[in-house]
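Fit chain B with the ligands to the known structure of chain A by using the hints.
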Amino acid sequence: MGRYFRRKLLIYGLTFVIAVSINFAVPRLMPGDPVARMLTRNSVANVESSEAMRGYFNELFGLDVPLWQQYFNYWGALFRGDLGVSVFAFPSPVATVVADALPYTLALLLPSILLSWFVGNALGAMAARNKLLDNGALPIGYVLTAVPYMWLAILLAWVGGIILGWFPVAGGYSFALTPAFTWTFIVDLVHHWFLPFLSLFVVALGGWAIGMRNLVIYELESDYSNYLQALGAPNRLVRRYAFRNAVLPQITGLALQLGVVVGGALVTEVVFAYPGLGSLLLNAISSQDFFLLQGILLFIVIGVLVFNFLADVVYVLVDPRTRLGLEGGQS
Amino acid sequence: MTLEVADLQVHYRTLKGDVRALDGVSFSLADGEIVGLAGESGCGKTTLGKSLIRLDGRMRHVGGTAVLDGDELPIGDDKAMNARRWKEVSIIPQYSMSALNPTRKIGKMIAELLRARGKSYREFKDELVRRLELVGLTEKVLDNYPIELSGGMKQRVVMVLSTLLDPSLLIADEVTSALDVTNQRAVAETLVRFRDMGFVKSMIVVTHDLSLVYQIADTIMVMYAGRIVEKAPAETIIKSPKHPYTRALIGALPEVGLEYGDERLQSIPGKPPHLLNPPTGCRFRARCPLASEECEAEPPTVTVEAGHEVSCWKAN
Ligand SMILES: Nc1ncnc2c1ncn2[C@@H]1O[C@H](COP(=O)(O)OP(=O)(O)O)[C@@H](O)[C@H]1O
Ligand code: SF4
Ligand SMILES: [Mg+2]
Numbered sequence: 000m001g002r003y004f005r006r007k008l009l010i011y012g013l014t015f016v017i018a019v020s021i022n023f024a025v026p027r028l029m030p031g032d033p034v035a036r037m038l039t040r041n042s043v044a045n046v047e048s049s050e051a052m053r054g055y056f057n058e059l060f061g062l063d064v065p066l067w068q069q070y071f072n073y074w075g076a077l078f079r080g081d082l083g084v085s086v087f088a089f090p091s092p093v094a095t096v097v098a099d100a101l102p103y104t105l106a107l108l109l110p111s112i113l114l115s116w117f118v119g120n121a122l123g124a125m126a127a128r129n130k131l132l133d134n135g136a137l138p139i140g141y142v143l144t145a146v147p148y149m150w151l152a153i154l155l156a157w158v159g160g161i162i163l164g165w166f167p168v169a170g171g172y173s174f175a176l177t178p179a180f181t182w183t184f185i186v187d188l189v190h191h192w193f194l195p196f197l198s199l200f201v202v203a204l205g206g207w208a209i210g211m212r213n214l215v216i217y218e219l220e221s222d223y224s225n226y227l228q229a230l231g232a233p234n235r236l237v238r239r240y241a242f243r244n245a246v247l248p249q250i251t252g253l254a255l256q257l258g259v260v261v262g263g264a265l266v267t268e269v270v271f272a273y274p275g276l277g278s279l280l281l282n283a284i285s286s287q288d289f290f291l292l293q294g295i296l297l298f299i300v301i302g303v304l305v306f307n308f309l310a311d312v313v314y315v316l317v318d319p320r321t322r323l324g325l326e327g328g329q330s
Numbered sequence: 000m001t002l003e004v005a006d007l008q009v010h011y012r013t014l015k016g017d018v019r020a021l022d023g024v025s026f027s028l029a030d031g032e033i034v035g036l037a038g039e040s041g042c043g044k045t046t047l048g049k050s051l052i053r054l055d056g057r058m059r060h061v062g063g064t065a066v067l068d069g070d071e072l073p074i075g076d077d078k079a080m081n082a083r084r085w086k087e088v089s090i091i092p093q094y095s096m097s098a099l100n101p102t103r104k105i106g107k108m109i110a111e112l113l114r115a116r117g118k119s120y121r122e123f124k125d126e127l128v129r130r131l132e133l134v135g136l137t138e139k140v141l142d143n144y145p146i147e148l149s150g151g152m153k154q155r156v157v158m159v160l161s162t163l164l165d166p167s168l169l170i171a172d173e174v175t176s177a178l179d180v181t182n183q184r185a186v187a188e189t190l191v192r193f194r195d196m197g198f199v200k201s202m203i204v205v206t207h208d209l210s211l212v213y214q215i216a217d218t219i220m221v222m223y224a225g226r227i228v229e230k231a232p233a234e235t236i237i238k239s240p241k242h243p244y245t246r247a248l249i250g251a252l253p254e255v256g257l258e259y260g261d262e263r264l265q266s267i268p269g270k271p272p273h274l275l276n277p278p279t280g281c282r283f284r285a286r287c288p289l290a291s292e293e294c295e296a297e298p299p300t301v302t303v304e305a306g307h308e309v310s311c312w313k314a315n
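Protein sequences appear in the order of chains A and B.
Note that numbering that gives the first Met the number 0 has the first sequence beginning at 0, numbered continuously upward.
Note that numbering that gives the first Met the number 0 has the second sequence beginning at 0, numbered continuously upward.
These aren't lab readings, by the way, just hints derived from the structure by calculation.
Each hint can be trusted.
Keeping only pairs whose Cα atoms sit at most 25 Å apart, straight-line, the calculated BS3-like set for lysine-lysine is:
no. : chain 1 : residue 1 : chain 2 : residue 2
1   : B       : Lys124    : B       : Lys86
2   : A       : Lys130    : B       : Lys78
3   : A       : Lys130    : B       : Lys15
Bound conformation, chain A alone (with noise of 0.2 Å):
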């Protein structure tokens, strides 16, 4: 076992570098200028002033010395934690912008992806075993999940925010408040967070819950099941065990959704004007900020590295069959 976590380790390290590296490469090699972009939004008309501020963002940014150096310079930039000066919230660092905007996201995805898998679960579980909740709920399960989750999301934005009028519809916070530690700011900030955070969690819910049904199911239909049955066990044992062996799969589903959850709400963001990292993206690119656009991109490789990392412990750990596997048993 140690053998395939070091290897994967191995996987993964190779894969964080070459990421990295086509991290400081692609801004780079993206149209536009970024230091012109800063100097006409400064609106230096003066010649002879907007050549000596060129030099001086040129430094700045670390622009000024050959490719290859930069290159290792942004890897030595990175060891420590910094991330560069961000050109669309100059002169916030990109540390700072990035890690503003990480709880909005956070907040979204992490309530979202998990309380959509055990609900899903519970459900789909119940369904697999439970004929009237399998025709009423299921369908409405499967149109959950073949409904694009863009036109859902507005959907829920019009109905919510529009129509019913009962949620704000942009923003992560009314413009009106600070913000603050108070019980005006938390609720406010509940209350915008809602109908993003519920199109997350009812896109998802169908999938988890149509995936544990089938799942259970199988389990309940094959030998062990059956064998039990014939030994005369109760169905609370049998379901015992289905359920136990259908959740695996389900567990490594869940650590691999989570590998999404860093860079995962752009959409969202966007339809619900909320601010989180997918709409810091958005305007790192519109900005061509590309030491921002870096910055949350890093984020997103760590995020889906880590998680995935962690799928392949959890499926290996969680499970007998391929615990023992790597362990070299037998058959």
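For chain B with the ligands alone, kept in the frame of chain A given last:
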């Protein structure tokens, strides 16, 4: 008299209608008897075995009775059957290799099963270990997951587990089909030993391999298209079969009365009738070299000598 089955009818519900997999099966089984149930694939052997312990979702008990040790088995009533399962009727299923929960240690699974049936694992532990050792396993397998055992070992675990509560009747369905010749022999011998040691009273050994069942069975029943066509002591079935179908089966054996072999039955020309709409009269008619007009009527069951029954117009 351990088991008395009378006119048992069990159907499979399908979209096209009922498949009459058991269509009037009657036989009895004495204390300590091992009966072999033989016949081509699809003739209803598994269905008969399952009917005596647990109908699956598509099976329906249409008629007939099965009385075990003087108590009728509530075949169609899944709940009521539960109390009788394992303790009185037990099964070694066709799929022994995959019969154990893959994610539970074997000992733990057995403990949970016993507890779910209201028994204490501790009480049975010593006997369990003793029987595992009897079939050449050690107590260690209780700490293993099924994946850690070979196919033969899993089969032996299932044999021990199925008979742990000393059932009156054991159904062994194609227990040797998946094994190589050496293991086949060992398993067959183990079954006999289990009977001799009193772990089970009587046994129905289902197989499509007559040469194997001949070695261990006291009696052999031959099934065809949902019915029993001939029943006789094993010796008689092999040496002087009366029913044309049995004769064809024997003829299809590589060698009559041979010890054992892994050659499968060669097929008899033609195919058994579909049980969705079985033909009237003798069901073997279409393939029978002796068929004549009278065979269009249901053949009677004739007792040609004590313990030898044949359903054929030409039995004598
Ligand atoms: N689940 C099922 N649905 C419909 N028909 C079935 C089903 N299982 C078995 N049968 C039919 O019942 C008959 C007997 O099958 P089975 O008892 O499995 O035969 P055997 O064990 O002798 O090979 C066959 O004709 C088969 O086609
Ligand atoms: S009853 Fe007739 S058709 Fe059937 S087996 Fe006997 S001879 Fe053949
Ligand atoms: Mg069968």
